[in-house]
Each structure stands twice: as C-alpha cells, then as structure tokens.
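Asks: Residue numbers (the working numbering), protein chains in the order written: chain A, 1 to 430; chain B, 1001 to 1430.
The set of hints was computed from the structure by calculation and includes no laboratory data. Keep in mind the model is a prediction, meaning the values are calculated, not measured. Backbone N, C-alpha and C fix where the C-beta goes; we use that ideal spot for every residue, glycine too.
Residues from chain B shown here face chain A by an in silico Cβ test under 7 angstroms; the list is partial:
1. G1139
2. A1145
3. R1301
4. A1311
5. S1316
Protein chains: 2
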Amino acid sequence: MTTPTHLRLGVAGLGTVGVGVVKIIRKQAALLEARTGCKISITAVSARSKTKDRGVNLTDYAWEDDPVKLATRDDVDVYVELMGGSDGPAKASTEAALAAGKDVVTANKALLAHHGQALAEQAEADGRVLRFEAAVAGGIPVVKALTEGLAGNEITRIMGVMNGTCNYILTRMQSAGLPYDTVFEEANQLGYLEADPNLDVGGIDAGHKLALLASIGFGTKVSFDAVELEGIGQISIEDIHQAADMGYKIKLLGVAQMTGRGLEQRMTPCLVPETSPLGQLDGGTNMVVLEGDQVGQVVLRGAGAGEGPTASAVLSDIIDIARGTRISTFGQPAQSLVDAKPAQAVTPAPYYLRLTLQDKPGALAKVAAVLGEAGVSIDRMRQYGHDDTDAPVLIVTHKTTRAALDQARAGLAKIDVISGDPVALRIEEI
Amino acid sequence: MTTPTHLRLGVAGLGTVGVGVVKIIRKQAALLEARTGCKISITAVSARSKTKDRGVNLTDYAWEDDPVKLATRDDVDVYVELMGGSDGPAKASTEAALAAGKDVVTANKALLAHHGQALAEQAEADGRVLRFEAAVAGGIPVVKALTEGLAGNEITRIMGVMNGTCNYILTRMQSAGLPYDTVFEEANQLGYLEADPNLDVGGIDAGHKLALLASIGFGTKVSFDAVELEGIGQISIEDIHQAADMGYKIKLLGVAQMTGRGLEQRMTPCLVPETSPLGQLDGGTNMVVLEGDQVGQVVLRGAGAGEGPTASAVLSDIIDIARGTRISTFGQPAQSLVDAKPAQAVTPAPYYLRLTLQDKPGALAKVAAVLGEAGVSIDRMRQYGHDDTDAPVLIVTHKTTRAALDQARAGLAKIDVISGDPVALRIEEI
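Could you put together the complete structure from these sequences and hints?
Replies: Have a look at this one:
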C-alpha cells in the first residue's frame, strides 16, 4: 500500500454531519493537504433530496440518487457513509463500496454494532480499511485513543457517558427540579431526540457505542446483543435529589469490563460520585474513561454530537487514510477477534436503594432483616421525617453481588411495610 | 514503505520508563503481535550501569555501553531513546540512529524542544519517523489526539496542566494549608522533583511540552525560547486561599494560542474557575485541553508520569511503527513548518490582584483612581476587616490588556497607601 497523493471521496448522506464534512473539505483544503501530503477532494455526493438547500455549495460534485452507485464509482477512492441506519442503503452501499475496492469511513454506530464483524472481515479480506471514529462519542478521538494510543495496554475497563441527550435530560431534571416527562418533552422540542426517542433514552444508541469500544478493548467480536440495556425513563426527580444528597449523580453509564467470568457490558443508569470526572459532567457533553493495566485511567471529554465535532471525527479517519495509516477496524484483524463470552454475573458493587416505609411498628427492623438474610450489608442509611404515614428510606449498601441484591429485592416485595416498588441503582466504583 | 513483520528495538536508558517498556514487551508479546501483526522484540539495551538490579531480566538482550553503538546496530530497527537530556548522548545517539536509517521513539521533551526541528528534518529527509508521545503528558495520548484525531481542525488554543509535581505542590498547599517551602521540601523527600528542581517548579519541563504541542497545533517550528515562563515559587498560601474564596484554583497552566498578533505561548501560574475541568484537577494528574474550530474543546486527563503510563505512551509509538503508520514528527513535513512569530502582546484577560492597603483615609480611592487611569476596570472587589493597620484587598478585573495591567501596577507602586508588592495573576478564560 503506497501513500496516496489524491484522495477522492464519495459522501453519502447530507444531514448535519455530511454538510459538516463538505464544509471542512471546502474550507480547509490547503491545511489538509499540508498535513497529509495528499489532496483531498469530493467527487460525488448522494442524499435523499437533491433540491434541498443545505447552505453549502454542492455544484462542484456529481450527484447520485443511489448511494450504491456513488459507493462504486470509479472516481471515488473512499466511501464516506453518513446516512445512518443499521441496514438498508447504509449496509448495501458499504458492502458495495468494499466489494469495489474502496476504503470506507462511517459515522454509523448501528450499522457497525450489528454488522461490524462481517463488514470488517469483508474489508480486510481485500486489504481495505473500514473506520468509524465518528460513530462513538462525536468529536472525542476515543476510537483512536483506544485502538492506537493505549494499544500497549491490556484494557481492564471502559466506561462512558456517550449519549448527550440522556445526560442533558438528567442534568436538567436536577438543575430545574423538573420530572422526566417534562424534560423529555423539552428535549423533544429542542430537536435533541432521535426520530425514535428510545434510541436515546432507552440506551440503545449509547449501547451501540459501548459494544464497539468493547470489541477494540478486549479483542472480541462486537456483541451488542449481550449489552445489558436499561434506559433513563424510570429515573425520578426524587432519586436524583436523594442521590445528590448522598454525594452522587445519576448518569446513563456504559461499562464494559473483562472479568474471569467473561465480558460484562452494561448501559444502565448508575450513581457515580459527584466529585469524579463523570459526576462533574453536566449537560450534553460526552465522556469516556479508558482503563489500562499500564496507563491507569485516561479520561476523554468533549462534544458527543453536532455538525463540527462529528465532522472532525470523520475527517480524522479520512486524514489517516490520506496519510497511509491503515489500521484494522477493531484494532486487530477481524478474523482474529474471538467470541465474547458474556459474564453470567456482574461485578459486585454498592447499590443505592430507595424505599417508602409505612409507619408501622418494627417496619425498619423488617427491612434490615430481609437485607441481612440476603447477605446485603448496609453502609449508610437515612430515614426522613414524615408528615403522613409513609417515610422515604435511603440505603447505600456495601459492595454486594447482584444475586444477593435480587434476593433482597424479592424479600422486600414480600413484607407488608413497604409502599410501592423499591428503587435499586448500581453505584459504579470509579 | 511496507509494513514490517518483525520490529527489533534498541532501548537506551533503563530508568523508570525504560524498565517499564522492557516489562511490557516481555509480558505482552502475544497481545502486541495480535494487535500489530508484527513481532516486537528487544535486541539490545544500554544504560549507565550494567550491573544495577532493575528488577527485570535483561539477559536476553545484548548490552552496549555506548548508546551510539546501540543506535546504529544492524539488528536494531527502532532506536528507543529514554535517557533524557537535551544534548549529550541523547542527541548524539538519536542523530546516529537516524543517520543509520533507524526510526526513533523518544520520551525526551528537552531534546525535542531544543533540537526537534533539526532532528525531524533529518529523519524525514531519509524517510524515517521520529515520534515522541511519551514526551508530553505521560500516558495521555495527546500527541496522537492533536496530530491525528483533531487533524481536520484549525487548532485555536492548547491549554494544559502538564507538570504533575507542580500540581501536587499547589494542591497540597491548599488542602493542608502549608506554605510553598514546606510542601516543596515534602515533594523533594517523596522523590517527586527532578535533580534540578527548577525544571519542575520553574515551569521549564512543562514549557518544553507546551512548545512541542504548539508546533503540531499551529504548523510552526518548535520555539521553546519564545515560551513565557514563570514558575510557582512565588505563589503564596494566601493567594491560594483568596483565589479559592473567589471561586478559583491556581494552576501552573500552559496556554498556546494563535492570534492575529502572532503565536502566544505561556507557562505561568493562572487562576481557573474551580468548577472547570482544569480547576477540578487535583494532585499529580495531568490535563490537556485542545480547542479546534470544528470540535470545540476536547479535554484529556490522565497520569502525566510514572513507569506504566509513560511506557504505555512509548509503546503506542512503537506500535504505530509496527503497524506501518508513519506520521511526520510534528504532523506535517518538518520542512513545511513555518517560523512562529511570537505575539508581542498577550490576549486580554481578567486579572486577579491582591494588595495590602494601609489604614489611611482615601486609600481605596487612590487605588481605584490608579486602576481607572490605566483603563483597568474592576469586576469584583473584596476588602477584608483588619485588626491592625493593613487590610488585604482582592480585585478581579474585567478583561484587560497586559499593557494596561502593567501601567496599573506601575501606578500602584507610586502611591503611598500600599504595603509590599501587589500580586497580579492572570485568570484564564476557559
């Protein structure tokens, strides 16, 4: 593979990110050529509507209605897939581009979370590269940091707040004291939510990202289906306030961790210490924490979405190719990635429990007895004064297995001194 | 350039970092080969003492007393320079390695800050690479993030806390309420200081790092001599406490910024908001903030020193070479780097002023008049009650030029109501 002197791009998808990419390539042609020694230009573009005004001049580029035709044009060296969607045109055009001997740069987390292994194998069988910096955490160069910067490490854990919309909602609930439904509606009005909001608030989008990072970090095939997913829809303003009172913030936190029991992948609401970098992350910003046996913790923080940041990430992949840098999609040959054995039990952790205790004699004793029987020991407990008959009780447990926690929850469901369902949230030790 | 299948290293310098590199290469041979498709091994090593027990088995490697001989051995592909020092054996052996057609990986910030341009030109003239991830911010992959991850951006500003010892001292002064001299001595006892402590507390070490990042970010030749350097030796516990009272932390902060007036490079004590990521950075950790026109702010945080973290960075450069990644030392051909025109005036900023006012009628009015005449306007002011005749006065100015600030300071020196010298510290807007 020789270093190219001219790289011709075909860009499919002219939404926010696609327009951002076009703008950079038009504005920074000289800078990009100085940095890469290679002319980078766009040959052709494709999108749903040819006539829509996108605020950027497209007249220099050939137009293709069909992204597959774009991806296979003779005058395209790199196919830049920015349409999105795990299947359909994104998948068909990516496959076609690879089959036609093109390199591919994509921002499509869903595509790679579902078909990354097959696509990477296809690319590598033919000596092509398939890169996806923009698919994870927007402008933060985290794929590069993990694949290259920390490649001398055995990765021990990957954590991240990787959906800005969820973090915006949780932050706004806390700062404005508003319930989930109200802030969800606000976010919707502001255009922060995907067409299918469950991709955001259900943790699916962030789960895709976590699964991709886990593959790189642990040398395993992407296994999105094994990610334990729980969205933020059940988080109450009361839990946010009570957690804060105990020194924690609630985050939709991704954790991927290789253990003796197998690979753990979770994208669930967790409590993190409010003084930790993750706890201090307010608003729509993203953060990824990479842990390696040599380097310890490396924390990366930046914009997880938006035109400029995401286009910046797309450009970094294009620039790599222009410089002759050719790295396997997941950091080692796709053929050498192993099946991830999902861990059957999660790493023990402290848990936050909130339950509403009825004003009956011995109520607290019954709760304590249930926890004790399950082997869940209490680190801290707060019971609040009550005007009526019910009193909120907050418990932070010592580190416990989830089996013990589940046993305790089952036990709590059987005693007659608790109103409603207890809330249990993991406290991630960071 | 074809991708190598076996990379043979010569490692010069077996201090903390060198031993860390040897350990990783011994322990992770299989992982490194899986990730690079290339066998990575050590052929020969060199250090001052052949007999010293370093807790790692060196018997598999040839020994060279002379690093120049090591660097030019036929069975060495990559010369790994971990001796340190801006001249002497480090420079001679690096030049010799490049002349002999070797790639070079170094952790030596002083060498590159002083001779980086010449060495990079020498390397590139012959198609060799000279890489230095470990020279800046230890385990944080910041050279890679800036050179590659953000290469689609016009870089606007680079900021960083890049000397862990200084940050340790400032943090410890605040938390323990101890004066500089006491904490300096503590740090010395703990072995945190360089043999020449001024490299740390004088800001020189961190200044070297800043100059290297500025070269990459702005496409300019390294110009360490143009870095405005001010150490932390004059920072008093009183300023730390007063700054905290106004919502700030004092950090030895590097700032490199390209302006219409030229390139600014400063490594000076600054106030930063205590709620900002830089303000929250306590202890020996490093943080670099990269700002690009597209990506906004990307913040990277991690261990800035130590065996594992620094060796992790050295390995990332070695792994790049093993994968066939060949990037110019400063992100674009050294021949294309331009002379940096140093800015003659720094970007206006708010300043923190502390002065001790004598208990005389109209004293504060005189101070206010001097500031007003200089065109320095006051954002916030606090005057504290006083038991004796002198009262501390704290002023946070609005954004002001340094010329105006200097005029104000000259004016304050002439009035007869102030005891001692006023303290002035820049407040960096982040």
